[in-house]
Each structure stands twice: as C-alpha cells, then as structure tokens.
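Visitor: Could you build all of it, start to finish, from the sequences and the hints given here?
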Amino acid sequence: MTKKINDEILQSVEKPSRYTGNEWNSVVKNPDEVDIRFAFCFPDSYEIGMSHLGMKILYHLLNERKDTYCERVFAPWVDMEQKMRDNGIPLFALETQDPIKDFDFLGFTLQYEMSYTNIVNMLDLADVPIYSAMRKESDPIVCAGGPCAYNPEPLAEIADFFMMGEGEDIINEVMDVYTKCKKVKDTKEAFLKKIVNIEGIYVPAFYEVQYNSDGTIKAFNPKSPEYPSKIRKRIIKELDKTFFPEKIIVPFTGIVHDRIMLEIFRGCTRGCRFCQAGFVYRPVRERSPEKLSELANKLVQNTGYEEISLTSLSTSDYTGLAELTDNLISTMEPQKVNLSLPSLRIDSFSLDLMEKAQKVRKGGLTFAPEAGTQRLRDVINKGVTEEDLLNSVSTAFNGGWSGVKLYFMLGLPTETLEDVEGIAALGNKVVDAYMRTPKDKRGKGLNITISTSSFSPKAFTPFQWEPQDTIGKLREKQKALKAKLNSRYITYNWHDSELSLLEAAFARGDRRIGKVLVRAWEKGCKFDSWGEHFKYDKWLEAFKECGLDPAFYSNRKRSYEEIFPWDHIDVGVSKKYLMNENQKAYRAELTPNCRVNCEGCGAAVFEGGICVE
Amino acid sequence: MLSSIRVRYLRGDKVKYISHLDLMKTFERAIRRAHIPIAYSQGFNPHTLMVFGLPLSVGVTSEAEYADFQLNVNISPEEFSEALNKQLPSGLQILEAKVLTSRENIMKIIALASYEVVLKLPDRDEGIDIQSEIDAFINSTEIITQKEGKAGIKNIDIRPMIKACETVIADEWNVSLRLLLSAGSEANLKPELFVSTLNDKSELCAKITGIHRTGLYVIRNEKMLRPIDEEIVMST
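Sequence lines, in order, name chains A and B. Mapped onto my numbering, the consecutive letters of the first sequence carry residue numbers 1 to 613. Mapped onto my numbering, the consecutive letters of the second sequence carry residue numbers 1001 to 1236.
Wrong hints could be hidden among the right ones.
To be verified - Below, computed lysine-lysine pairings styled on DSS-like, alpha-carbon distance capped at 30 Å:
hint, chain 1, residue 1, chain 2, residue 2
1, A, Lys15, B, Lys1098
2, A, Lys188, A, Lys66
3, A, Lys298, A, Lys29
4, B, Lys1120, A, Lys3
5, A, Lys15, B, Lys1108
Stated by the list, open to error - Selected chain B positions facing chain A (Cβ under 8 Å, derived; list incomplete):
hint, residue
6, Asp1022
7, Arg1029
8, Arg1032
9, Tyr1040
10, Gly1059
11, Lys1086
12, Ser1090
Don't read these hints as lab results, they were simulated from the structure. Even for Gly, the Cβ is constructed at its ideal location relative to N, Cα and C.
Guide: Below is the structure:
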C-alpha cells in the first residue's frame, strides 16, 4: 500500500491547498470503472499550472470520455517534495491522491524550456525511470505536447512520443488506439508503432541522428521506411465546432490568471519575425462572436468567476471584436463580471474599446513596442510607429489611465546602442504625452514601467538562424539603457540574461543537450525560472561535464545550409519562406499581414481558416 | 426594507486548508453561481457585501462558522441556504440561516469560542497522570506565556481567557480537550497556544492531531448566546 500525504505533512508546508484538490468542477470518477488513467502533468507549481488554458481544455475533453479518467499533477513545491522524499511518498495525482506510476499515461505540457528540469524531477519523484529506454512495460507511457514540442529533440530520450499541434482531435485518436491495444495486451512498442502514422505523432526512438565533426547535424532519418520522414502538426480547422469546456475548475487558492479565459482565435496574421507562436499556430482561425457569447454565459453560470478575459495572440485583430465586446459587456456587467483585454496591438487601440473593457474595474495598460527605433521595429516586422504609440498612450491618459507598461527586447538582430537608447527616448516621450494631457482628464500618479527581456531566437521563426547576444553584450545594453532612463516616473525592469542563455540553448537544442538537462537536474537544478532556485553555475558545470558549450546553441549564427534538429517537423510555414523573411529583415523590409496580402508562407497547406476565407 | 441573512456553516475536512480570504472568495463565487441577489459595494472596485466572523487557522475544522450576507432583493433564509448549498464545494455547507435583525458587525460581538482538541501523547508521557497535569495547569492563578502581537513579542496571562476545560481521556496516549476560550477582537486565545503553554508548564508533551471548533458565542446580559439566535445556550 503506497504511502499518501497526511495532515501532519500538510500542516507543515506552505499553501497546503495546492495538494488537496476537491475544487469546484474538478472531476471525480471511480478509477476502477475506466480503462485509461491519464495524468496531465504541468511541470511547474499549482498556481502557474492552473492558469494554463491548454490543460483546462484537454482535462475536460479527456474526462468526457467514459473510458478515461484524467487527473492533474503539478510540481510539488520544494518543501512538500522534501517531505515526500523523506516519507517515501511518490508523486500523486490531485483528484484521487493515487501514485501516478500506476497510470497508463503521463502527459507533459511543454510551455517553457526552463521547465524541463521539473519534468525530470517529477518523473524521478514519481518513481518512473527518466529515460524512455529504461522504462518497463509496467511503467506509464510518457508523452508531451505544447508549443515547445515543435523542437522536441532535447526531450527525445525522455518522452515516448510527442503530439504536434493542437491536441483536441489527436489525443482522442491516440486514446482510441490505446484502448484497443490494452485489450489485446500489446507491448508499448506495438502501441507506438500503431500510432506513429497518425498525423502529428512523433516517436523519437524510431529516428536516428548523425552529427558532423563540428557538432551540427549531418543527417536525421527514420529507422524504417514505414515511419514518416516529416511529421506535420495537427490543427483544428473549425474552432466553433470543436470542444471547448463549458465548465472549468475553480481553484480555491489564488492562481496567476484567476479568471475565465475565452479563446477567441488561434494563429496570427502579423508575422513579427521574433515570434514563434505567430508562425507555428498559423493559419488564423476564429471562433464566431455568437459561439463565444454562448460559451461566456455558460462558463459564468458554471463557475461564478468575477472576471473573464479574451485570449489570443492579437486580440485587436479579431474581426468580430466590436460585436463580441458589446455583447459581453451587456451580459457580463449586470452580473458584475469584469471583462479584461490583454494583448492589444498599439495601432488598433481605441478609447471606446478600453472604456468598455474596464467599465467594471480599471487596471493598468500594457503595450509591446519591442524595439526602440523605427528601423529596428521594421527589422522585426512589428509595423508600429512612434506616432501610433504616442496616440495610444495619449488616448489612454485622456481617459484617466496613469499606469502604463511597455515591453521591449534587447539583443534583436542588427541592434545597435542607438536602438537601445531609442527605448529611453520613447519612454520619455510617453512621459511628455502624459504631461501634455490636461490635468482634469489624466489619472493621478503617473507610473511607467519599461521592461526588457533578452531576445532568444526560436525554431520556426525567420530569426532561427540568428545568434543570441552574449551575456556580456546584454548586460552592457541593460546598463546603457538604465543610464538613459532618468525620469522619476519610469521604473526599469530587466530579465536575467543567464536564464535567457539557457532558454535559447534548449529552444534550438538537439538530442545531445538532453544529457545536459539530466546532469543539471542531478546537480539539483529545478524550478529554474524561479529566481531563488536558479543555479546557473550548476548548469554550466553540467554543460562542461557533457562536453558541450551553451554558446554553440545560443550564440552561434547558422548558415542557410544547416540541418536543424526540428527540420523533420512541418508546421505549414516553409523553411524557404522563413529564409526569405530573414533576408528581408536585414533590409528592414516590411511584410504586410495576411489579411492585406497573402505572402505564401505555406500555412495554406492546411486548407483552413483565413487562407481559404 | 432590505435584509441581511446570518448563516452558520460547516467547514469540513476537505476544505480545512483553505485560507480565510480564499474561503470568502469561494463563497462569493458560489453565490454568483446560485444567482443569489447579494448586494455590492459602490465605487471602482465593487465587492460583495458580506462579513465573516472570526477567521480560523488553516487546518482547523468547524461546525460553528458564521457569516452575514447583505441582500439586494429579499429572499427567505431557506431559499438562500438551499440555493447556496447546491453550489458549495464538498466540505462546506450551510447548517442554519436566519434573517438578521441587529446591525451589529459579527466580528465585533463574538466573545467566546468552544473547541474540541484531539491530542496525542508520546510514549514518554507514560506514568504521568494526564488529568492531574491538566488540572494543575488550569487551576493556577495565573499562566504567563509569550504571545506575538503587532508590536512584537509580549508576555500575557492567559488564565482569564480559559473559561472551561473538560478532559476526555481515551487512553494513555489519546486525549480530547473540550475548551471554552475567549475569542474575538478584545481577547483571543487560540487552542494551539493553549496546548503549547500546557506543554511548557507541565510534564506533558502533547501533539495536536486535530482541532474542531464547536461553537462561537456572544455575551448578552451576562448570558452566553449563539450569534444566530436569541435562544439561551447557557449562563456563564
């Protein structure tokens, strides 16, 4: 009988309600009455994981199946983990508190590269061998999906299979095959062979890699002609017709995004050259305002949440925005449910819209110019002008707002110190705009936050050939910017460049970097994105001991001829298109958005969404 | 005239680890699901008009939790509890509901609380007479202990805050204490402090395995009453 956590342990840890479940709308089933037990594992704390929309969708979708019970697992906090290890309690699922090593599937969602050590740690805590080759028939099957899965190679020796793209259909197809396999007592290998030809499935063990002497990839091939040489991601063509939960779990304790999230569309037409999501989620597919209003009402009824947000990559591009927001305001306001709108593009900003959105409760406003000069903004294809930004903030200040956040990146390709200083100039111009706003209109207490992150080139973007700035260079730029930000109204926050170096290494990592991951974990690395737990020196040791250099992955410029570790994945957008965009970037040439003109990126191969409209 | 409803609710095992603030949020959301016409405050950040009596420590269960809810439209207390009970997560339940007649803030009027505290005594306490240790403790004229307040740690005498203590001995290692202690904004003695002080002043090394609040009381005309009705419970 496996040990479970008890009151004594719960009393001794921080936020015990992270581990006790029982939340409204959490699913309770009898595990003996199902064929498949699926543990949805989010490799971070409860508060972070519970904010993730993908898990909400897949959890409720899987639980619609009578033959499946999907439960949630989050990374236990360090204090609870210590208690579990001290008491011999293996990692358990929230709903039943049962150990997940007895489940059929452990499904990890890959949201962020620096969560990978938590995956390794959770497997170890669960008593499940880390490497897939070491697992026995009795061990669960480990699978993964999500945005980072588009470059699956760093986890190729850990996951048994990956699901590329949107999970709604593919996960059901995989479960259908599995129930049949379980009935006839197929081996894991037989099961994997049966799913390998489902579109979107990647089984890393069925492929082999050869390297050149300089460390780049020489060849990447399936071990047998029966396995696909290229794996195309899955998309849901008609979002209105696909599953979206009408009930979501309402947590007891505060989580990062504690509200209803209404996914209004997938994909993005803008083509900002640094943005992986904008390319991998193409083509754009929208939900209709009617469907969304219907979902909103059902979700409010079933959860009692006080806030609802519209999520997408670029909310102001949603064609039905006016209709939807009018609809939602009229139904939500009487129920005292606030509508929040993150992710607005600066150039489509309108006071009317923001007024509506913040009618019930007023918050701060966020904009992402990303670069400090027009030249650099054109390089990254963020077609936003200084005039746009200043008009937007002026409109906001006139409407009574006084808190503004501005996001930028440091280290973008072709960036000079002049571009960096341009950020400060913009900040100061925003202060001026506030000062020019009549006193009776503007809100009290101006505070502008400028936040810079370090650019990390990602797979499937026009910048996938680019080097990341070295830590030294990034620090130099942060310092230069800080020196120019003298206004007492401006607060400057910057992201740690050491963490960014590692993020960039894994974002474009190959299979070999997987060994570094495990070594780093062995040295105690986990919860890397939590400042207090990040052990940079241990990571560097791990790289060294594995004979690899993070600079090879992060700071190296690639040639157009190089074979990338993710070239066997097909996201629709072609490598040729990305190469062309890369060249245009160097000429600071803009590419208009898909709605204006089709540029032939390749996403039309899916014959769905905006490409066919 | 718009009324308020006072309820007594259960905080069971499944929800005992929720913090007080999170508990209030849980109620707020359940109320919204139940379509209960609760009143909201005015202004920029409207919130539901409800008051919860005396927060409980995390890990403690209770069958005597009280809360007041101000309504926007009058509904009967039965309607209120029935609708709300359907939306409360397992472990939370409205046990009683009444229309509130007084305007007194429930947080201010509470004076006493009764608890059942389950203790486990380690083997080391074998041979010690548990009853006499406890008797000696509560029969002292004063019991000085250290309590952490906003201004720092200070010495206080907790004896006057112990109104009653009944010991139920299950066996040499398991004991239940039925305590009646001062509670509320004027004087508040937590059962955990009672037990730690007991351990300090006696030969006992008791470990708390469970605390359950059995009652909250107000004092009116020298009589102890439950906040939910005028029924006389017992005289002090």
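Visitor: Going by Cβ atoms only, is Gly1059/B closer than 8 Å to chain A?
Guide: Constraint on Gly1059/B satisfied, holds at 5 Å.
Visitor: With the threshold set at 30 Å, check whether the alpha-carbon distance from Lys188/A to Lys66/A stays at or below it.
Guide: holds (23 Å)
Visitor: Under 8 Å, Cβ to Cβ, is where Arg1029/B needs to be relative to chain A, so tell me if that hint holds or is violated.
Guide: holds (4 Å)
Visitor: Against chain A, with CB atoms and a cut of 8 Å, does the hint on Asp1022/B hold up?
Guide: holds (5 Å)
Visitor: Quick one, are Lys15/A and Lys1108/B close enough, alpha carbons at most 30 Å?
Guide: Answer holds: Lys15/A to Lys1108/B is near 28 Å, not above 30 Å.
Visitor: Taken at face value, is the distance from the CA of Lys3/A to the CA of Lys1120/B at most 30 Å?
Guide: Roughly 21 Å separates the two Cα atoms, so the pair holds.
Visitor: Do the numbers back the hint for Arg1032/B, that is, is its least Cβ distance to chain A under 8 Å?
Guide: holds (4 Å)
Visitor: Please verify whether Lys298/A and Lys29/A have alpha carbons no more than 30 Å apart.
Guide: holds (23 Å)
Visitor: The hint names Tyr1040/B as touching chain A; please verify it with the least Cβ-Cβ distance against 8 Å.
Guide: Holds, because the Cβ-Cβ distance from Tyr1040/B to chain A comes to roughly 6 Å (cut-off 8 Å).
Visitor: Quick check on Lys1086/B please, does its C-beta sit within 8 Å of some C-beta on chain A?
Guide: violated (11 Å)
Visitor: Does Ser1090/B meet its interface restraint, that is, does its C-beta lie within less than 8 Å of any C-beta in chain A?
Guide: holds (6 Å)
Visitor: Taken at face value, is the distance from the CA of Lys1098/B to the CA of Lys15/A at most 30 Å?
Guide: With Cα atoms ~34 Å apart, Lys15/A and Lys1098/B exceed 30 Å; violated.
In this structure, the hints that do not hold are numbers 1 and 11, in rising order.
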